[in-house]
Amino acid sequence: MTPQPQNSFAGLQTATPAQQPEPIAQPQGRRKGRALLSVWLTIFLLCVVVVATVGVVAYQKYANNQPSQQASSFVPVQGPSGATSVQRAAATILNPQTASHIDVNYNPVYPGKSFGARQKIYISFNIQTRTQKGYIEVKWYSGKQLKDTDTFSHDPGNTSGYFSTIYDKPTQGTAELYWCTQASCGDAQLAQVVTFTVTP
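Under numbering that gives the first Met the number 0, read the sequence shown as residues 0 to 199, first letter to last.
I should point out that these hints are in silico values taken from the structure, not numbers from a laboratory.
The model shown is predicted, which means the values in this text are computed figures rather than measured ones.
Beta carbons: idealized from backbone N, C-alpha and C, even for Gly.
One or more of the hints may lead you astray.
Below, computed lysine-lysine pairings styled on PhoX-like, alpha-carbon distance capped at 25 Å [claimed, not checked]: (1) K143 - K168; (2) K119 - K146; (3) K168 - K112; (4) K168 - K146; (5) K143 - K119; (6) K119 - K168; (7) K112 - K143; (8) K168 - K132.
Quick list of the computed label-pair ranges, beta carbon to beta carbon [unchecked claim]: (9) N106 - K143: 27 to 35 Å; (10) V103 - K168: 28 to 36 Å; (11) Q131 - T41: 52 to 60 Å; (12) Q127 - A57: 18 to 26 Å; (13) G111 - V74: 20 to 28 Å; (14) F43 - N106: 46 to 54 Å.
Let the sequences and hints guide you as you build the complete structure.
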């Protein structure tokens with residue numbers, strides 16, 4: 000008898016269609032619920048990130064506008080009188096600029112640092128007193144010599160002001176701006192010092 004080749008599939012039973020395991024069906028609603036939950040969770044997390052970012056930006060903007068932030072950048076200056084600027088006064092009289100002309104709102108039209116002799120020189124500035132009345136004084140110097148002084152009464156409704164003068168001859172000019180609460184300016188505090196040149 001000749002040996003028969005062995006079938007490698009011998010002993011292996013094949014499942015009949017009736018015996019094949021059926022796939023386990025998952026409820027459709029449960030899969031949709033998980034997907035919907037993950038979508039809502041993603042939206043919620045994005046909203047939290049956006050709100051947190053807006054909050055941080057708003058806080059930084061608010062913090063940068065506080066007086067304590069301005070105070071940290073204050074650098075005292077000294078004028079020809081020998082007086083040194085005071086932080087509170089410097090926070091009241093701001094952004095002084097010399098100019099050859101100003102507009103109706105006292106803003107400099109032609110700002111500059113060099114002027115001719117016998118030319119009118121303006122110094123304009125912003126005022127931030129909130130509700131406090133007071134006085135603003137200017138002292139004009141030619142070199143280290145006091146040339147002239149002037150004072151005006153400040154109403155809290157005004158947010159800008161100016162002074163003007165004329166120098167007859169060439170010099171190194173300086174204007175010292177003071178904040179006062181007394182009409183006599185006996186309590187004057189130096190706020191700003193502005194220098195300029197007068198040419199022939």
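Now the hints, each set against the structure:
This hinted pair checks out: K143 and K168 have alpha carbons roughly 15 Å apart, not beyond 25 Å. This hinted pair checks out: K119 and K146 have alpha carbons roughly 15 Å apart, not beyond 25 Å. Under the criterion of a C-alpha separation no larger than 25 Å, the hint pairing K168 with K112 is consistent with the structure, at around 16 Å. For a cut-off of 25 Å, the pair hint linking K168 to K146 stands: about 12 Å separates their Cα positions.
Of the pairs offered as hints, the one joining K143 and K119 holds, with about 20 Å between alpha carbons and a cut-off of 25 Å not exceeded. With a C-alpha separation of about 12 Å, the suggested pairing of K119 with K168 holds against the 25 Å cut-off. In summary, the hint linking K112 to K143 is supported, as the alpha carbons are separated by about 18 Å, within the 25 Å threshold. Under the criterion of a C-alpha separation no larger than 25 Å, the hint pairing K168 with K132 is inconsistent with the structure, at around 36 Å.
At roughly 30 Å, the beta carbons of N106 and K143 sit within the given window of 27 to 35 Å. Between V103 and K168 the beta carbon distance is about 31 Å. The supplied range of 28 to 36 Å therefore holds. Range check, Q131 to T41: Cβ separation about 53 Å, and the 52 to 60 Å hint holds. With their beta carbons about 23 Å apart, Q127 and A57 fall inside the hinted range of 18 to 26 Å.
A hinted range of 20 to 28 Å for the beta carbons of G111 and V74 is consistent with their spacing of about 23 Å. For the pair F43 and N106, the supplied restraint of 46 to 54 Å holds, since their beta-carbon distance comes to about 50 Å.
In summary, the structure is inconsistent with hint 8 from the numbered list given earlier, while agreeing with all the others.
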